Amino acid sequence: MTSTLPPKTNRIGLTLADYKGSPSTLCDGCGHDAITAQIMKACYEVGINPHMVAKLSGIGCSSKTPAYFLSSAHGFNSVHGRMPSVATGASLANKQLHLLAVSGDGDTASIGLGQFCHIVRRNVPMVYVVENNGVYGLTKGQFSATSEKGAKLKTGVQNPLQSIDLCSLAIELGCGFVARSFAGDPKQLVALLKAAMSHNGTAIIDVVSPCVTFNNHEGATRSYKYAKEHEEPLHELGFVGFYEQITVDYEPGSVQEVAMHDGSKITLRKTEHDYDPRDRAKAIATVHKANQDRHFLTGLLYVDESNTPFTEVVNVVDQPLATLPQDRVRPPKSALDEIMKTLM
Amino acid sequence: MKTLAADSAQKLDQGNIINDFCIQVATVNGSGSQSSNSVLMRSIFQMGVPVSGKNLFPSNIAGLPTWFNIRVNKDGWIARRRENDILVAMNPQTGVEDVKGLRPGAVCISPVELSLDKVRSDVRHYQVPFGQLAAETTENIKLRKLVTNMIYVGVIAELLNIEQSEIEKAIRSQFEGKTKVIDLNLNAYNKGRQWATENLKKEDPYFVERLDKTSGKIIIDGNSAAAIGCMFAGVTVVAWYPITPSSSLCESLSDYMHEYRVDADGKATYAIVQAEDEIAAIGMALGAGWAGARSMTSTSGPGISLMGEFAGLGYFAEIPTVIFDVQRVGPSTGMPTRTHQADLMSTYLLSHGDTKHIILLPGSVEECYSLALAAFDLAERFQTPVFVLSDLDLRMNNWMADPFKYPETPMDRGKVLNAEQLEKAGKFERYRDIDGDGIPYRTIPGTDHKLAAYFTRGSGHNEKALYTERPDDYVNLMNRLDHKYQTARKYVPKPELHENKKAKVGVIAFGSSHPAILESLHELQTSNLEASYLRLRALPFTEELRAFVEKHEHVYVVEQNRDAQLRDLIRLELPDLATKLRSVRHFDGLPLDAKSVTDAILEQER
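Residue numbers (the working numbering), protein chains in the order written: chain A, 1 to 344; chain B, 345 to 950.
Derived from the structure by calculation, the hints contain no laboratory data. Treat the numbers as computed from the prediction; the structure is a model and nothing was measured. Note that CB positions come from ideal geometry on N, CA and C, so glycine has one too. Check before you lean on any hint, since a few could be wrong.
What the hints assert, rightly or not - Keeping only pairs whose Cα atoms sit at most 20 Å apart, straight-line, the calculated DMTMM-like set for lysine to aspartate or glutamate is:
1. Lys-700/B <-> Asp-826/B
2. Lys-771/B <-> Asp-18/A
3. Lys-341/A <-> Glu-510/B
4. Lys-265/A <-> Asp-304/A
As the list claims (entries may be wrong) - Chain B regions said to be covered by chain A (calculated; three or more residues, Cβ under 8 Å):
5. 572 to 586
6. 598 to 610
Chain A with its partners taken away, still in its complex shape (with noise of 0.2 Å):
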């Protein structure tokens, strides 16, 4: 006789199945649905509840993905670079949303790299990954504007320009949370993720996301092989979630913590690099440098807990503006006597 376990379930008694989407549609291997997975996974820890998220995408292949995670969360995929904006309308209708974006390099750094400093700049809260894989796969393999100069297309055909580099710009632009990882690691992916939904803000990921059919191959800068190979995480992240009751002993000095608005908790195990994600000048320093050098930096590049989110800004009220009913929001008669008055 066998006995068969329930399958586990999160802190809301989902289990990971009920994260699932759609089956993907890209190609094999493709990084995107590496990504994808972790957003399952993360979505399932922090237990979301998934009718509460809203995905959000521009166009291209990252931009498609949203079908392939949280079946039961309403999903937008808008148009080509103007997600941002879709998201923020979003956003003001509804403040008790999860917001939680997939772009492309293409899709946020070439069309839409206007949109994508503007929703930074609101600080409109919400997750934003990126899926950056250096090219335009939907339009067959063109170099996107994150594509480092020198790179090699399958064709030969080399990059003459000098890349957009999305975290540098995002912190310059006062991001709250900005963040880099890598498809092929899902340890730190995962909890950059977890981090990222925590953040009261616009939370920046930007991840490196090979394109096994337009950019894996010798000469290219985001395949596997060159990721895995120069791949330096700045620390060993972690994160505790408000609810986990989880304390751990560290050797004094050796983990950093950032205390996230909600309770969480992010730690950082330091490596080699002594790092603070908290100082600005220097997480510009630290990129710059690392682009300079070639080197593929990633973990937690910055973080702020304390900017004002555009919801709080915009001042509205705690329920949502969508539902509001109409006493809410159409005033009474005598305020349009009054108005009429003003006008005699």
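For this one, chain A is given, so just place chain B on it according to the hints.
Only chain B this time, still in chain A's reference frame:
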């Protein structure tokens, strides 16, 4: 006290022209003349005399010529009139040109140092030492330019015999609460009036006399009227990007919302965002509409062009929002401060692919208010972007109107299923036409039910909102969207019919053309041409259009664009009646006047 004007009125009794004339004030923009012109207009309004004001201004902050036209008309004709009776020529740059444009016998009030009497001797000149009077009013050199404007108000008030108390009241209301400013302006005004009493001999026939035709009425511009409509429509998310001539809609809305839509604890039941561009503005509006909020954006032609891609997404993915287009002259940057109706065709079909939108066409400030209310209901009922198309003339100029009526019907939030309804239905397919009207049901994010979620996309999708490239799925979807559009014909505001039983000729127009058309019908009648008039208020067209065209031998479609866009849309709608349609176009950027319409129709009737 016997005033100069009253005295002259007795002398000139015969041939006096009372409450029927046009004043044009020519100034330099940025000189602060707007307040003075408002005071002048408002004081005439307060005397019960129908009046309208039009600001013809350049796309510039300071230093370029600007004209303000005030029409005083006892019969209530409030359209622009081409000829002016009284010119206040304050602008040295345009003074000569302005005087040359007057008809013989007209009046010119001007600074004495411009010597405009040398330009025309067949005009009645009143030359005023404005510089000297301004210097006597204030020692502050910086303020002299400003007080000069109120001095000319004093001179005009004296010449036209506008009641002292009404001017004072208008000044107090213009600068409400600012005692020092009120005092300064009252002084300047009195200085002008006093000087005129003592020094001018009334030599013209124009007078304002008290009537009772404006009591209970309001004066408002179309953008403010629309803002009030949006607030009472219950809008909650507003995103916009500054652009003339639409900016004042959202700015005015922001003021009203701050006053009436903030809870006692200081929290707002709305969010207004100044976006980084028009693309982001419509993106935010659609994101909010998708998430269940009543949302809107406001822009002008260049913004509409930028919004094209998102407009198509809104149409195809079926997301409600309201988009105000306050038209200005295009193409390209065009003439940003001039009025037009040339976005009709491009907005109707905005975006690539088979796309067509619901468009509302307010024809008065009352309708700027009431159709704003209607737009939000229609957007949510039809789950689609609804455009409200008006223009600079209607939106930025001040118009008389009856006070707006409080909405009689509750907000129509459309077919939105909540958790309870989903449970009862046991099934949910986002894009299935259950009711046979082409309008599916939707859910909003945050609905706590396992059936609620669906995936919104601008790519091919089937009734279950799943990705598809199947030819039959695509055809089904497009046919249903068309069916939905046909359903809208029964819901959009019907045209307003001004029927003349004797008429063999019809006139069709929309928007700000309305006052000029009404006046033109009157003029045509005096030229023995009886005409009926149908004012369209929406696209898609309703059945009244066919009935109207069928009933008349031929129909003039009057519009403010070069290409006869509305005429062509009607041709497409009624191909069998296409030969009945004639066109009257006015597209120089100035508000439409009755005479242009009358002349064009009579010319074609010959």
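Going through the hints against the structure:
Only pairs whose Cα atoms come within 20 Å are accepted, and Lys-700/B paired with Asp-826/B is accepted, the gap being roughly 9 Å. Note on Lys-771/B and Asp-18/A: the hinted pairing holds, with a Cα-Cα distance of about 19 Å set against a maximum of 20 Å. A hinted pair counts as satisfied when its Cα atoms are at most 20 Å apart, and Lys-341/A with Glu-510/B qualifies at roughly 17 Å. Between Lys-265/A and Asp-304/A the alpha-carbon distance is near 13 Å, which keeps this suggested pair within the 20 Å criterion.
For the segment 572 to 586 of chain B, the proposed coverage by chain A is satisfied: 9 residues have a C-beta within less than 8 Å of a C-beta in that chain, meeting the threshold of three. Only residues whose C-beta sits within less than 8 Å of a C-beta in chain A count toward coverage, and the segment 598 to 610 of chain B has 5 of them, enough to reach three; the restraint holds.
The structure meets every hint from the earlier list without exception.
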